[in-house]
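Novice: Line by line, the protein sequences give chains A, B and C. The opening position of the first sequence corresponds to residue 1093 in my numbering, with each subsequent residue numbered one higher. The opening position of the second sequence corresponds to residue 72 in my numbering, with each subsequent residue numbered one higher. The opening position of the third sequence corresponds to residue 34 in my numbering, with each subsequent residue numbered one higher.
Hints should not be assumed to be uniformly reliable.
Below, computed lysine-lysine pairings styled on DSBU-like, alpha-carbon distance capped at 35 Å [unchecked claim]: (1) B:LYS317 - B:LYS598; (2) B:LYS383 - B:LYS561; (3) A:LYS1118 - C:LYS157; (4) B:LYS483 - B:LYS388; (5) B:LYS441 - B:LYS483; (6) B:LYS439 - B:LYS170; (7) B:LYS358 - B:LYS598; (8) B:LYS588 - B:LYS399; (9) B:LYS382 - B:LYS170; (10) A:LYS1120 - C:LYS273; (11) B:LYS487 - B:LYS399; (12) B:LYS472 - B:LYS405; (13) B:LYS434 - B:LYS489; (14) B:LYS358 - B:LYS383; (15) B:LYS554 - B:LYS388; (16) A:LYS1280 - C:LYS285; (17) B:LYS503 - B:LYS598; (18) C:LYS163 - A:LYS1117; (19) B:LYS405 - B:LYS588; (20) C:LYS157 - A:LYS1388; (21) B:LYS434 - B:LYS388; (22) C:LYS157 - A:LYS1120; (23) B:LYS501 - B:LYS598; (24) C:LYS40 - A:LYS1120; (25) B:LYS441 - B:LYS399; (26) C:LYS40 - A:LYS1117; (27) B:LYS358 - B:LYS439; (28) B:LYS598 - B:LYS588; (29) A:LYS1118 - C:LYS273; (30) C:LYS285 - A:LYS1278; (31) B:LYS472 - B:LYS501; (32) B:LYS588 - B:LYS472; (33) C:LYS273 - A:LYS1278; (34) A:LYS1117 - C:LYS285; (35) B:LYS501 - B:LYS439; (36) C:LYS163 - A:LYS1388; (37) B:LYS170 - B:LYS235; (38) C:LYS285 - A:LYS1388; (39) A:LYS1118 - C:LYS40.
Honestly, the hints are just simulated from the structure, not real lab data.
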Amino acid sequence: MNSQSQFYLHTRIPSTFYLWWSHFKKNKLALVALVVFVLFALTAIFANIIAPHDPTAQFTEFVHLPPSWYDAGQTQFVFGTDYIGRDLFSRLVLGARLSLSLALVVVLLSSSIGIFLGVITSFSNFWLDALIMRIMDFILAIPSLILAVVIVAVIGPGLPNAIYAVALVLIPHFVLTTRTAIRQEKNKEYVTAMILDGASLPRLFFTTILPNILPPIVIQLTFAFSTAILEIATLGFLGLGAQPPFPEWGTILSESYNNFMFASWTVTIPGLAIFFTLLSINLVGDGLRDAMEIEKK
Amino acid sequence: MQRPIFLKHLQFWKLTTYFALTALILSCSKSFDSNVRDNVLVYCSEASPQSFNPQLVTSGSTFDASSRQVYNRLVEFTPGTSDIEAGLATSWQISKDSKVYTFNLRRNVSFHSTSQFTPTRYFNADDVLFSFQRQWLANHPYHNVSTLGFRYFDSMGFNELLHKIVKVNDYQVRFELNYPDSAFLATLAMDFTSILSSEYAENLILSSSRELIDTQPVGTGPFQLTRYQADAFIRYKAHPLYWKGKESIERLVFAITPDPSLRFARLIAGECDVMAKPLPIHIKTLKNYPELKTLTQQGSNVAYLAMNTQKKPFDDKRVRQALNFAIKKETLVKIVYGDTAVTAKNPIPPNMWSYNSATIESKYSPEKAKQLLSEAGYSNGFEMDLWAMPVQRSYNPNAIKMAELIQQDLSKVGIKAKIISYEFGTYLEKVKLGEHQTALLGWIGDNGDPSNFFSSILSCAATRTGNNASFWCNAEFDRLIRKAAINSDKDTRSALYKNAQLVFNQEKPWVPIAHSKQSILTNQRVKNFTLAPTDGVFFSGVSLVSSLSPDLEGNKAINENDNKENNN
Amino acid sequence: MFYSISKQGINFLASFFVLTLFTFALANFFPEKLAFLYANQIDQSLMANHGTNYDLVEPNLFNSYLFYLQQLFDGNLGISSVRGTSVFSEFFTYFPATLELSIVALLFAIFLGVPLGILAARHKNQWQDKSVVSSTLIGYSMPIFWWAMLLVLFFSLWLGVSPVASRIGFEYDISPVTGFMLVDTLLSDQPYSLEAFKSALHHIVLPSVVLGTVPLAIITRSTRSSMISILNEDYIISAKARGLSPVTVLWKHALRNAALPLLTIIGLQVSTLITGSLITESIFAWPGAGKWLLEAVYRRDFPVIHGAILAIASFVILTHFILDLLMTYLDPKLRRKK
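Make a model of the complete structure from these sequences and hints.
Specialist: Below is the structure:
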């Protein structure tokens, strides 16, 4: 791409995506994962329509009903019911909405701050750069979950606080990715050419550099998305994230934990939901990475 | 140096791999051929003790770890009952006006000998004096050693009750009271009146490490503490000079396992022998595990929803009555307790004397509740906070679950309840300060006397200590229970308490929810274990059946003092 | 070399400085602020005069920070507000358990991950490679709290081949010397010390598999990718051309050169392991620092929360620093750089 003349840069951008896609779709596993992920996303969007019951409604006559494929199960409760007779399927469906949208918020929050800081550090003087990087190094040095747990401990458990904590933990990854990518591109000839042409800093960044640093950032985004889902679920599991009766996946798991020897479906099914969501995102991310690497060569 | 040294010899990697594999295989072979486990009883307990001094706290798990294994009291409850028998006092005389109690103390009772302390004398009157005066006298050198305070001593009203404690001679002590207290003897069998060693206390002053008295206990009890790691385990060994004779269990281990499902898993796996506080679901599935036994008895407890009568809208009696009608206790008993409880209508459990079976229970009726609410001016309902503790208690296996069910019931009469929970210690503190509107709580009677319920959690005095979580102070009710407390005739007291229950039933400061059975699970190794009605766990007198074959039975089990080689 | 060492030294000190600033700020969010630090220092009368709020004694934030630093260097982390024991000594009771578990988990990840990575690299794009790569993704996507539950359900409760929880059978009374159960059991003079060692080993298998799963996935993938790039290097091709056996080429030539980048990746697992230990320890009732911190969070025991994060983060920073030094020492390119 570097050998390309700058005059074609604008028309090349959409076709880059096309090329990524053409490489991506050759990877069958990643394609399947993408379909699975889209299904999860659709479930989350249309959760209200899909869920047969109110996720907090208690059917006290049906406590710990096994899933419908068991003899004792009932078709109106596909995945069975939990310890106070709530429909597990409805809870999971609404949980999908909750988990995915929360993760999205976290990613948007951390990526916008992270990329912004990354840009600042790459274009700023030594001291500011050093200061920001020291702080980022420090955040990276503290194990992420421990940092999140401590933040939640100090400002109090609950969903909003958990979101801030997880977002904060993810920021340094975006800063580092952006900074490394910009540093690599900054001294290349096409950038120098733009500077010599007198491009302003924003223009230089948005039209010249950004398209070229997109691949690592996109990969980082998928990574952050799966991390966010996992960390929010983990905080929920530890009782520090979403509070009951919120149907957050991690919270559902922690509520069912006490009964996992007797009503194992209340543990296995929510766990599978988290697992397949993460797996599909990671497979898509992996496929993207491969596709972009092939394209880069 | 050109290459990392550790890579120069690839043999190293291979060897380590072999080692790791061998270790793995070795560890998976279950050939534990020794008999170390034979004289060790492992008890899966539900919480870390807050202290090893029963004077300082009110929690049952602390008593289980301290007073019930390490200490003795002047009088004791006969195991499995609320009857009083001789403990460190062999006999006692009560004066005619019931205000002077004289105790004759047991001779030749040895205290534990630990790495810190070797007793030079037997138990005597000084130890009794020390144990009470530490809690009683503000200028006692040990009074302020702990910041925890002496809650039980204070809440039992001992500061007002005690007039004088006199050492008549080394083996006789006289308690003089300000007024008669019909439950005094039973109270002396309670955990906070455990007898500590005054000689140990004096030694600790000399080595200026007074705080050790609460963390490294020295008592006269059947077991002595050897090692403790918070949130992990407590280890005891049998007191070799125990006055009742050395226990047959050589060593006792508390495996601290707050998570009930993990406790149960450990019991099934044989990692523990006795499991505290099983969930109802564990008892239900017990038929799948023939190696386990369950011990169940009707407990002496009550679970209730306290409504803060100092706060709107619960200052209105009709609202309190409405809540009583709105909550379907039968469902709670079925789902939360798995039918291991009975619904409650009075503050005391039905197996306690003076229980008034004539009071009228508020049967579930959302219509009546709605009607009462609209009479009180809340026809559109209201919003309220519903506090639930995060931990399992013997009177309530899962308060959060209960709160979620109550939330649903209340929404049917237009009341929007928001569930709030804090860490248990914080929860109790906040309730004491009256920050709640409604809170799920419970009470376990400690001495088999109804006054332990009425005075402790429903009296006007208890509104000041905060134990009365409804902050309900009713003149008539208070008059009745005060009169009953100082009377010594059981029938008169019973009549007074029955009347008090009528007042309670009219005013409804609580929604009484359930009286739970209490259970404990053990495996077949454990013999002679009995449940105490106070929910306490006592390992004195318990024995273990050896898993050895008969021909090896003669072999002595290994203990720390044995230098004999193990035969494996 | 001196230059790069001093640069790393400065980085280390700077990170530590930021850490103390952070924990200091954190402590100022606590309800009792810095009071927990002087609980055993300043006498009762001062406490009585000024209350328990350090701000009243020392209103200047900068002096307050200096005081804070001084306490840290004296090893004073205050006393637990729930248990009244020294936080500093509590940390050293609990941390070895975490360290032991993490080391075993890391060994598990390395001894399984490196061969798997090599296998995948040697058979790039064949079925072996594909299955290894997909399993790493599975491992990487596994919520470990769920994974732990499944393993306990299967191995401990159904098959009964593994203990449910804790570090060692309760029948063994092992006095802590090093804090590492596997070592302490062998050092113990109890007659059953060997048997206790076996029990400790038996207990550590399941938790370390759970904890090692994510590092295993990462190490496998890194080994694979660095081996692939190295196997394409000229010197490997020439070694092969010279007729060396594939095993020799792989182990002597390729792996040695892959070792350094791998060491960096392994160093980065310290963070992952500590994060994972929080969950693993709470599920397996493993009395380590992660569980200690979590219990403190539930009890709102702020001195312990403060001490735990400070100590754990210092440990991670220190490990990274030592690993950096080690890398400088081992890497000829870095070593020669002036």
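Novice: Look at each hint and say if it fits the structure.
Specialist: Taking the hints in turn, this is what the structure says about them:
no.	hint	result
1	B:LYS317 - B:LYS598	holds, 16 Å
2	B:LYS383 - B:LYS561	violated, 39 Å
3	A:LYS1118 - C:LYS157	holds, 17 Å
4	B:LYS483 - B:LYS388	holds, 20 Å
5	B:LYS441 - B:LYS483	holds, 9 Å
6	B:LYS439 - B:LYS170	violated, 50 Å
7	B:LYS358 - B:LYS598	holds, 20 Å
8	B:LYS588 - B:LYS399	holds, 19 Å
9	B:LYS382 - B:LYS170	violated, 41 Å
10	A:LYS1120 - C:LYS273	holds, 34 Å
11	B:LYS487 - B:LYS399	holds, 16 Å
12	B:LYS472 - B:LYS405	holds, 12 Å
13	B:LYS434 - B:LYS489	holds, 24 Å
14	B:LYS358 - B:LYS383	violated, 49 Å
15	B:LYS554 - B:LYS388	holds, 25 Å
16	A:LYS1280 - C:LYS285	violated, 38 Å
17	B:LYS503 - B:LYS598	violated, 41 Å
18	C:LYS163 - A:LYS1117	holds, 17 Å
19	B:LYS405 - B:LYS588	holds, 13 Å
20	C:LYS157 - A:LYS1388	holds, 20 Å
21	B:LYS434 - B:LYS388	holds, 17 Å
22	C:LYS157 - A:LYS1120	holds, 17 Å
23	B:LYS501 - B:LYS598	violated, 42 Å
24	C:LYS40 - A:LYS1120	violated, 47 Å
25	B:LYS441 - B:LYS399	holds, 14 Å
26	C:LYS40 - A:LYS1117	violated, 46 Å
27	B:LYS358 - B:LYS439	violated, 42 Å
28	B:LYS598 - B:LYS588	holds, 21 Å
29	A:LYS1118 - C:LYS273	holds, 32 Å
30	C:LYS285 - A:LYS1278	violated, 39 Å
31	B:LYS472 - B:LYS501	holds, 21 Å
32	B:LYS588 - B:LYS472	holds, 18 Å
33	C:LYS273 - A:LYS1278	violated, 40 Å
34	A:LYS1117 - C:LYS285	violated, 38 Å
35	B:LYS501 - B:LYS439	holds, 32 Å
36	C:LYS163 - A:LYS1388	holds, 22 Å
37	B:LYS170 - B:LYS235	holds, 11 Å
38	C:LYS285 - A:LYS1388	holds, 32 Å
39	A:LYS1118 - C:LYS40	violated, 46 Å
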